[in-house]
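Asker: Read top to bottom, the protein sequences are chains A and B. Take 214 as the starting number for the first sequence in my numbering and just add one per residue. Take 58 as the starting number for the second sequence in my numbering and just add one per residue.
Worth flagging that the hints you see were computed from the coordinates, not collected in a lab. Beta carbons: idealized from backbone N, C-alpha and C, even for Gly. Worth double-checking, as some hints may not be accurate.
Simulated restraints, written as ranges between beta carbons of each label pair [unchecked claim]:
| # | chain 1 | residue 1 | chain 2 | residue 2 | range |
| --- | --- | --- | --- | --- | --- |
| 1 | B | G129 | A | S279 | 34 to 44 Å |
| 2 | B | A156 | A | P523 | 56 to 66 Å |
| 3 | A | K483 | B | A189 | 29 to 39 Å |
| 4 | A | D429 | B | R456 | 40 to 50 Å |
| 5 | B | Q132 | A | K295 | 29 to 39 Å |
| 6 | B | N321 | A | S476 | 29 to 39 Å |
| 7 | B | Q326 | A | S286 | 18 to 28 Å |
| 8 | A | R434 | B | T449 | 31 to 41 Å |
| 9 | A | T478 | B | E408 | 12 to 22 Å |
| 10 | A | R636 | B | R244 | 17 to 27 Å |
| 11 | B | S349 | A | D520 | 43 to 53 Å |
| 12 | B | G392 | A | T478 | 45 to 55 Å |
| 13 | A | S279 | B | A189 | 42 to 52 Å |
| 14 | A | A244 | B | N321 | 46 to 56 Å |
Covered, in the sense of this in silico footprint (three residues per stretch, anywhere, with C-beta under 8 Å from a C-beta of chain B), are these stretches of chain A [as the list claims (entries may be wrong)]:
| # | segment |
| --- | --- |
| 15 | 592 to 603 |
| 16 | 607 to 619 |
| 17 | 653 to 660 |
| 18 | 670 to 681 |
Calculated Cβ distances over 12 Å to all of chain A for the following chain B residues [stated by the list, open to error]:
| # | residue |
| --- | --- |
| 19 | L135 |
| 20 | N342 |
| 21 | G392 |
| 22 | D405 |
| 23 | D444 |
| 24 | T457 |
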Amino acid sequence: MTMKKAVIANNRFGLGAAPGDLARVAERPTAWLLDQLQGPHRSPPEIARLDNSATVLVEVQDLRRSQREMQRSGKEIDPVEKYGRIVRGHYLEQSAARYRTAIMSKTPFHERLVHFWSNHFAISADKQPLPAIAGLFENEAIRPHVTGTFTDLLLAAEQHPAMILYLDNQRSIGPNSKLAQRANRRQNRRQNQREFGLNENLAREILELHTLGVDDGYSQRDVTTFAKIITGWSIGGANERGRFADGEPGKFEFRETIHEPGSQTLLGKKYAAAGIRQGEAVLRDLAVHPSTARFLATKLARHFVADEPPEALVQRLTDAHLDSGGDLSVVYEALLAAEESWVAMNGKYKSPHDFVVSTLRAFNHVPDRTQFIVGALDLMGQTPYRPGSPAGWPDTALQWGGADALYKRIEWANTVARRVGSRVNPVELGQAVLGPAFGTETRKAVSRAESFSQGMTLLLASPDFQRR
Amino acid sequence: MSMLRRRELLKTLGMAAVANSLPSVAFAKADTHSRFVLVVLRGAADGLAIAAPYGDGHYASVRGELTLQPPGGDQGLLKLDGLFGLHPSLAATHESFRADEALIVHAVASPYRARSHFDGQDLLENGASQVAALRDGWLNRALAPIGGQTTHAIALAQNAPLVLRGDNAVTSWAPSRLPDADDSTLRRLEDLYADDDFFASRLEQALTSQDIASGMDGMQKQRTRGNEAQQFGDLMSAAARFLTAVDGPNIAVVELGGWDTHANQGTTQGPLANRLAALDRGFGNLRDGLGSAWENSVIAVVTEFGRTVRVNGTRGTDHGTATAAILAGGALHGGKVLADWPGLAAKDLFEGRDLRPTTDIRSVFKSVLLEHLGLAPGVVEDTVFPDSRSATPLRNLIRT
Chain A
214 MTMKKAVIAN NRFGLGAAPG DLARVAERPT AWLLDQLQGP HRSPPEIARL
264 DNSATVLVEV QDLRRSQREM QRSGKEIDPV EKYGRIVRGH YLEQSAARYR
314 TAIMSKTPFH ERLVHFWSNH FAISADKQPL PAIAGLFENE AIRPHVTGTF
364 TDLLLAAEQH PAMILYLDNQ RSIGPNSKLA QRANRRQNRR QNQREFGLNE
414 NLAREILELH TLGVDDGYSQ RDVTTFAKII TGWSIGGANE RGRFADGEPG
464 KFEFRETIHE PGSQTLLGKK YAAAGIRQGE AVLRDLAVHP STARFLATKL
514 ARHFVADEPP EALVQRLTDA HLDSGGDLSV VYEALLAAEE SWVAMNGKYK
564 SPHDFVVSTL RAFNHVPDRT QFIVGALDLM GQTPYRPGSP AGWPDTALQW
614 GGADALYKRI EWANTVARRV GSRVNPVELG QAVLGPAFGT ETRKAVSRAE
664 SFSQGMTLLL ASPDFQRR
Chain B
58 MSMLRRRELL KTLGMAAVAN SLPSVAFAKA DTHSRFVLVV LRGAADGLAI
108 AAPYGDGHYA SVRGELTLQP PGGDQGLLKL DGLFGLHPSL AATHESFRAD
158 EALIVHAVAS PYRARSHFDG QDLLENGASQ VAALRDGWLN RALAPIGGQT
208 THAIALAQNA PLVLRGDNAV TSWAPSRLPD ADDSTLRRLE DLYADDDFFA
258 SRLEQALTSQ DIASGMDGMQ KQRTRGNEAQ QFGDLMSAAA RFLTAVDGPN
308 IAVVELGGWD THANQGTTQG PLANRLAALD RGFGNLRDGL GSAWENSVIA
358 VVTEFGRTVR VNGTRGTDHG TATAAILAGG ALHGGKVLAD WPGLAAKDLF
408 EGRDLRPTTD IRSVFKSVLL EHLGLAPGVV EDTVFPDSRS ATPLRNLIRT
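If we strip away everything but chain B, and leave its shape as in the complex, we get (with noise of 0.2 Å):
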């Protein structure tokens, strides 16, 4: 059956009657079906104020102006644990923290040694061990072993981002305002792109992500309104509806930018704490969205790399090494902090100046994609991350 037909299949009967009456072509998903949501954070995220130190001796002094307060007082961290506590504007983390459902890993990097955001992104998006040394996603090759027929991964935005980019279909969506173009337009433009295959498959990507869409209440033709934080919550509450769909993708891919804090990024207040606040509240939409299917979620929220320990000369953090990465999903064996601290000594620091990388961001997807995903470690060493052997997965993260 063509993607348009079973498009206007989906319309005139809804979702629920087709999954109901035609079992065959579109399937209940249940809940039971792991689900994995990646948020890349654009622009080099600070991880000393995602989960800030604050029981190392050297906090304090190195991060200056902008030290978060100890955990109880008014507008202080949120406890971890006795070295760690949470960014004030981080809730509703916090929360699934204390239920033992979100983690941190601190100290993380990809292989990435300098300080340029593309060059950091792309190896991050890549997984490869040097920069362009592959072309394709690591969660695009991770595609392939877990697929069948259907397109399983959806990045909510116009274009995929590289980390999903490559061989294997991938669709996406954003929210438009435009009008409809018609059916009989649509299959028109079917025929004409027949032989061409980068407008075909596209047109049949997108043709799927509508499908879905135009089953879910208040999906169609949803405005983009606000700034691109509330944008995010937006965006947080289609994936969730995306990824409980019938028929829908179990992989989601949502991007956030705005964390490139070199002036004035404040502590509590300001734009880092507004972008992280944004990013709780994402958070929450997902988490809630995704109801009972939360039980079998696993959600990864990564950035590039991390920035100066020391503040610079403009109340900010220039480009740096190591950060913190947040895990959080109902699968996840969560609340507790997962760093071997390598210290914000003088002497411990990466060139003198970041905090050092101690666990490689490729042990945290590998162990995701093993224990939460099911992929086989054949598959996973040889074709999503080749070159990869030094970073082992990381064990015990996911509930058996």
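With the rest of the complex left out, here is chain A (with noise of 0.2 Å):
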């Protein structure tokens, strides 16, 4: 029994086992997990190595610039392929960064939050220049809040440039703020109204994606309501046009002159004007709204527990999150604490993101080169901080389970235990990270394999293996 709870905690919680990690927790498996929620959490070294966001954002936007001047003043430049580079060069560093913390993390669980919350609030880096500091994203708006309270989290992951650049957010215009208004009055107004206007990105994707949960309890309304609130939630420094030069270049400003002034109602509820008080207010009861704490429950508990996660459970987490005011610590506790969390060895079929960790993990091996990992996660169907959209990443086999997908495993495995598996007897290594949860089907097919190597290719693509 003990083993068995070491290797959940370890598989499904953690981020897969290395040799030696199933004996060490085995006597104090869920206090281990527990242990991991005490902060203060410093940042990894090599996470806290890495620029932020601020000075990379203000670097990328000044290539831009210069690069358009040049090619303005009839400069011969490859602008696409010198911008590009160095985009491209920021995200393999924050790449490389995430996935060598991932790799060597003595504490798991809390870095499979960190991913689980990042995915959550999904930026993606197919929108320019958002791979340049889509890792930092992580690593400064989800990181230092996991075991936190949802409020703090929330707010730092709607004011961070990331997400206001990746949703929109930057230069919608309350079509009554100052800047609409003196425009207005210069000019003729017909012209002049597709100028100013609401971008309603950000509003909707925060009830839909981030909070409440896709229509549940709110309308059309109540979305332009919310994108009249956070108009000004931007970003300082000029923008690419040169426009609206005020604020600390590259971090989140709000705009006054663009935000959409007075009193609004949002589900039912009045709002008094307040800057950027009236949308932090906003935020504050959307954490504790009792549609956004079902809806973060579910989440949870299908990510940790099964697919279709049992309602008992989901109801249990739902109220720890408005018992405690949204407390993700205590959710986590209710979590850990609940019987149904370590019932089974094998409730999840892993995502490409946790198989490759997970195998990594096995072989304790960070490989030289990043691209080593987000190739092979791009051919799973996973590139690392690119989603494609704000819902983030699936989270259960029915999505993952194609039969390509599957087939990509199984070359991505052999391709590792050619490279890395051949000194590893694969037998004694299925036993130190899968324990009882390596089946005996599994051990037969792996100890008969004609090689080391090809028996690593088995036990790595084993049902066993792929799932936590």
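Reconstruct the complex from the two isolated chains, following the hints.
Answerer: If you want it as structure tokens, here you go:
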């Protein structure tokens, strides 16, 4: 029983066992997980070494501006090539830090929570300049708050420049804001009305994807009202056209001149005019709304327990959220205290990310080239920081279970086995990282393999290893 | 014969040899067999940019800076009829339209009336009349009545999208740059997976696709290259090869994202124009690749919903309702725009902001299933699109 709990603690709540890990936590698996919730958490060294997002944003924006000026003055340049190289460099550096941390971490439960919430507040690095700061968003907005309150996490995520840029809020302009009114006085109103208007992208996704959940008790009118409330949530420093020069470059900036003035009524509650605090008040209410609590509880239970999580568990997590005012550690404690969490050793089909990280943890191996990891995840359909939409990556076997995706896992397992697996006895490794989850059939197949390397491929591709 | 043994055999003999020598195992698919390709544009593509109603008196005033110029001039729309013109980036599609092999269905929408991408895609793909009412895809449910023992549908992706997921086996394929696992390892995995249906069925499906791909020149170890738009062109070429392969599928699903143009969407230049050009290139690749099978093919290009009629504050458009769908293929009775046009006057807009839907997208799908793929009406109404009586099939869509 204790070994079974050690397997679940390492492989489902953590990121996968390395040899020795199962025995190390066998005496106190739950306590080992709970310990990881104790703050404060200093950033891992490879993450602490990275530049901050403001510096990187200013760098890439300056580069764009100077290239535009050079082009205008007729100079021969290849703007895409240089810009792309620099952005890609940041992306790979941040991905390297993320995966090195994940592979080596001694607090893998905490690390999994970072990945979970980073995916909940997904930005997708397929829109420029986000590849340059996607990893920094995770480290700056998500990492410090995963064991704190959901309110703090929500505020940090929505006020990070990466989120503002991803969901287009930086130039969403209140129709009655000072800027719009000034411009309307100066110019013909009809010509101008399209210049100054709302962009409701961020408002909609906060309600639908970050808090209440889709279509849960809000209307199109609420979306539009909320968009007005968060007008002015922007980024400091001049934009690409050289407008809006105020504020600290590359950092979140509230621009009062484009903020829609006046009080607003959202979800039946009136929010008095209060500048930036009007939107913050909305987020504070949303963070502890019953729909939010239930939406988050469902996602957490789905991630940690089963694709179709037991209703009783979801209800307990919802209650924990509401009773604690959104204290995430209290929610995790309820999750760890639940019997349902400790039933099956193979309740979840690993995502490609889980598969790759757990494989490399089993080998204690950090590849020299980050591209080895990024390329593998790309082939398996989970390119780091690029879910392709603000909904983030899916979390069920049905969605990851494509035939080609499984074939890619087999091909990659085979590649890894040839590269690092040929020196390791796959039966011993299977026993060390799967313990009692190393089934008889898998053991038989692995031990009968014609080489260590083939045995390793079978182990990594086996249903026992592919599930957590 | 196990999938793997067949795979080895095919490798040894080459696909053509197998087709000739073992007709009972691998039969050559005649070009007369019906093919269907579904292209899903994710992110809500702007129907008013795909096929612009330049003849609507309100068009230029409501579209403002996103207005496309009428047909005739430089960079003007490509004329469809007196009311509609195709976006200038869609030249290959227009060519087919002029050959009566493409048509536009406008002011079309699924039954979904809110504006979430994810629920919108859910409904477009599950074929239900309410969100999350069905957990499998309508095209998967359509496979049972058509299918015999072999796999009939393929997703050109690592994972099958919802529209193809469900009880009926489907396969998926995407380019790889990893070395093959050797056959001895694969055979052992087949054995190891034998007691686990989830793994066993997927490995079998994957090996089927590998079979077909290994018989096609240049498809082995094809590298993924370029950005998503370029990759789409390659995937459409690959779709054509699967659809024309011996023993290949006759239904394919391909996806292309990047349509969520909230900011700076542009007119004849810009992100939306680039995406449309990529779509058009892919369309051309598919048409060319199908060769004589084009005559019996239908391609449907659809998206979860449209975008706001008016331009937003950031030179883009927000989530809307009705949009346009493109149908093409030699089997089609094309050269027309099917639209019960709701108009763009303020009073005609849905909720004061969106193009009003007048055609149910399921009416389009039903016609394809009934007239082109030959499904029985009862199956289409009861199994594929339950609870959809109000969506009557469009008439006269397919050449007979």
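Asker: Any of the earlier hints contradicted here, and which numbers?
Answerer: none
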